[in-house]
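K.L.:
Sequence order for the protein chains is A and B.
According to our numbering, the residues represented by the first sequence are 1 to 251, in order.
According to our numbering, the residues represented by the second sequence are 1 to 301, in order.
These are computed hints drawn from the structure, not numbers from a lab.
Hints should not be assumed to be uniformly reliable.
Said to hold, decoys possible - DSSO-like mimics (lysine-lysine), calculated; alpha carbons at most 30 angstroms apart, straight line: (1) A:LYS19 to A:LYS116; (2) A:LYS46 to B:LYS192; (3) B:LYS100 to A:LYS70.
Claimed, not checked - Facing chain A, from chain B, some residues (calculated, C-beta under 8 angstroms): (4) TYR8; (5) ASP67; (6) THR70; (7) ASN118; (8) ASN197; (9) ILE204; (10) MET205; (11) GLY209; (12) ALA210; (13) THR211; (14) PHE214.
Stated by the list, open to error - Now the in silico label distances, taken between C-beta atoms and shown as ranges: (15) B:ALA213 to A:GLY166: 27 to 37 angstroms; (16) A:TYR134 to B:ARG288: 48 to 58 angstroms; (17) B:ARG165 to A:ASN92: 42 to 52 angstroms.
Keep in mind it's a predicted model, so treat the numbers as computed, not measured.
Note that the Cβ used here is the ideal one computed from N, Cα and C, for glycine as well.
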Amino acid sequence: MIEFKGVHKTYDNGIKALKDVNIYINKSEFVFIVGASGAGKSTFLKLMMREEMPSAGEIVVNGFKLSKLKRREIPYLRRTMGIVFQDFRLINSMTVFDNVAFAMRVIGCTESSIRKRVPYILGLVGLQNKARCYPKELSGGEQQRVGLARALVNNPSIIIADEPTGNIDPELSFEIVELLTEINRRGTTVLMVTHEHDLVRMFHHRVIEICEGCVVSDRCADKKRSKAPTREADAVDAAGIFPSVKEGGLL
Amino acid sequence: MNPSSLRYLLREGFRNILHNPMMAIASVGVLVSCLLLTGGAYLAFANIEHTFEWLYSQNVVVAYARDDLTDTQLRVLEDKIKGITNIDKVEFVSRNDILKKFKDSLPKAVYEEMKGENNPFPGTFVITFKELDEFKDTVRQIEQIPEVEDIGYNENTAKALSRIRHGVLLVGGCIIFMLFLVSLFIIANTIKLTVYNRRLEISIMKSVGATNAFVRIPFIIEGIVLGIISALLSYGIVYFIYSVIFDLFGKGLMGGMLGFSSVWYIVIILFSGIGILTGLAGSAISMRKYLKDEGGISNVI
Numbered sequence: 001m002i003e004f005k006g007v008h009k010t011y012d013n014g015i016k017a018l019k020d021v022n023i024y025i026n027k028s029e030f031v032f033i034v035g036a037s038g039a040g041k042s043t044f045l046k047l048m049m050r051e052e053m054p055s056a057g058e059i060v061v062n063g064f065k066l067s068k069l070k071r072r073e074i075p076y077l078r079r080t081m082g083i084v085f086q087d088f089r090l091i092n093s094m095t096v097f098d099n100v101a102f103a104m105r106v107i108g109c110t111e112s113s114i115r116k117r118v119p120y121i122l123g124l125v126g127l128q129n130k131a132r133c134y135p136k137e138l139s140g141g142e143q144q145r146v147g148l149a150r151a152l153v154n155n156p157s158i159i160i161a162d163e164p165t166g167n168i169d170p171e172l173s174f175e176i177v178e179l180l181t182e183i184n185r186r187g188t189t190v191l192m193v194t195h196e197h198d199l200v201r202m203f204h205h206r207v208i209e210i211c212e213g214c215v216v217s218d219r220c221a222d223k224k225r226s227k228a229p230t231r232e233a234d235a236v237d238a239a240g241i242f243p244s245v246k247e248g249g250l251l
Numbered sequence: 001m002n003p004s005s006l007r008y009l010l011r012e013g014f015r016n017i018l019h020n021p022m023m024a025i026a027s028v029g030v031l032v033s034c035l036l037l038t039g040g041a042y043l044a045f046a047n048i049e050h051t052f053e054w055l056y057s058q059n060v061v062v063a064y065a066r067d068d069l070t071d072t073q074l075r076v077l078e079d080k081i082k083g084i085t086n087i088d089k090v091e092f093v094s095r096n097d098i099l100k101k102f103k104d105s106l107p108k109a110v111y112e113e114m115k116g117e118n119n120p121f122p123g124t125f126v127i128t129f130k131e132l133d134e135f136k137d138t139v140r141q142i143e144q145i146p147e148v149e150d151i152g153y154n155e156n157t158a159k160a161l162s163r164i165r166h167g168v169l170l171v172g173g174c175i176i177f178m179l180f181l182v183s184l185f186i187i188a189n190t191i192k193l194t195v196y197n198r199r200l201e202i203s204i205m206k207s208v209g210a211t212n213a214f215v216r217i218p219f220i221i222e223g224i225v226l227g228i229i230s231a232l233l234s235y236g237i238v239y240f241i242y243s244v245i246f247d248l249f250g251k252g253l254m255g256g257m258l259g260f261s262s263v264w265y266i267v268i269i270l271f272s273g274i275g276i277l278t279g280l281a282g283s284a285i286s287m288r289k290y291l292k293d294e295g296g297i298s299n300v301i
């Protein structure tokens, strides 16, 4: 599903951001990408989204060979992925509903499909009662859940979360990762960039560590442990964060 | 594109204008100035052309015969003129007949003095042409007849009008071109400001896979709407000013002024065309930086 083969990236100013990166990520995996600031994590994501081109090597994402991708095809690559930003990137003049609907409108969805899909996704992230609120009326965790709903609404096969917990309280960070884990359980590949090692340790997913542009470790998921929700997650789930999950709805 | 998307894009285009009202007013103001000058120059042109046509429609040319021609030679000359293809009618007015026309306006003594051999007027042929398109060629053919001393038509007026026409073209053209560039610059900056204000939305649009066309359309609509508003305002102003001038001078000039009713559609097409093109070009210029690179999800912010 995501493959980096011998990928190098050197920027015009001479900075070598990635050096000979070889990664294969399967469908439905949950992967943490960790590393210090400047390690090359953001470059990794930019290459995946075809925001940047590699200096050498080959990248394949969801069947798209990125080196052969024409400019006009880039939007169609991006429609297969949902992006969650550290700074939420919500439009303050729009309600929660419209922020999520915005992602559907700009790819040409009909209003009737938007009216059906958005409430469903808001229910999935536990914000069904906040549809008419504006982002500033929400907590950091809630705002990030809106961001997550927006990333999910077009039913992507990959979710890319770029430090999604960077701007929220630690206790809410757990909630966000748990939500991503639940989304992953339903078949969506999740890539989460973070430097919060404590959070990574709490979940038992695959961890790829990048240091100075090189992959220095690639620890596989502890499948047994990653499937079993922690006690805290049970509590969150019981509080109704995933109502639609319990109803057995599909993403 | 489905109707929902079309409605959405149109709404966004109008929303852009309402978000930057001052810049929108500035753009419309400059574009209206440009269009008014363009319209003014066009109407001046149209009126000069109209006068030309009037002049040509006075398709009577007078040919003056040489003084030394006998009556027989004058008849031969008349036949020669009639032999030219484009001649419709030739009427001979003798020297005495011309002098008689001045009988009342000249002092009696002078009139008596001018009779007979002292008559200063030449024998004259009043010639009517069939086709105006061949006016110049026909005049040249008459001039080439040796017995013709001179030929008279509204040449000086035509020359003066031609000079005015060239002047309007040159000066008007330069001013209009400069104003067009200024309008383009201001509209491009207005839209650039909108793009800057909406850079967050653009980055989100790109991240979820909106095509460049989808990102661009609201800004193009903004440009076109500004162009259309300017065109309509300019049309109203030009109509008003032209009507006032027409009421004052419309009937007094040679052939009268051209009625607005015969040029209104050209003015509308001219204004809408320039307005829409300026709006389109302005939005294209301002969006280029943001859309040149397909990436830019994070760079836009």
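K.L.:
Does each hint fit the structure? Answer for all of them.
P.N.:
We went through each hint and held it up to the structure:
no., hint, result
1, A:LYS19 to A:LYS116, "violated, 45 angstroms"
2, A:LYS46 to B:LYS192, "holds, 25 angstroms"
3, B:LYS100 to A:LYS70, "violated, 90 angstroms"
4, TYR8, "holds, 5 angstroms"
5, ASP67, "violated, 84 angstroms"
6, THR70, "violated, 88 angstroms"
7, ASN118, "violated, 91 angstroms"
8, ASN197, "violated, 11 angstroms"
9, ILE204, "holds, 6 angstroms"
10, MET205, "holds, 5 angstroms"
11, GLY209, "holds, 4 angstroms"
12, ALA210, "holds, 4 angstroms"
13, THR211, "holds, 5 angstroms"
14, PHE214, "holds, 6 angstroms"
15, B:ALA213 to A:GLY166: 27 to 37 angstroms, "holds, 33 angstroms"
16, A:TYR134 to B:ARG288: 48 to 58 angstroms, "violated, 33 angstroms"
17, B:ARG165 to A:ASN92: 42 to 52 angstroms, "violated, 58 angstroms"
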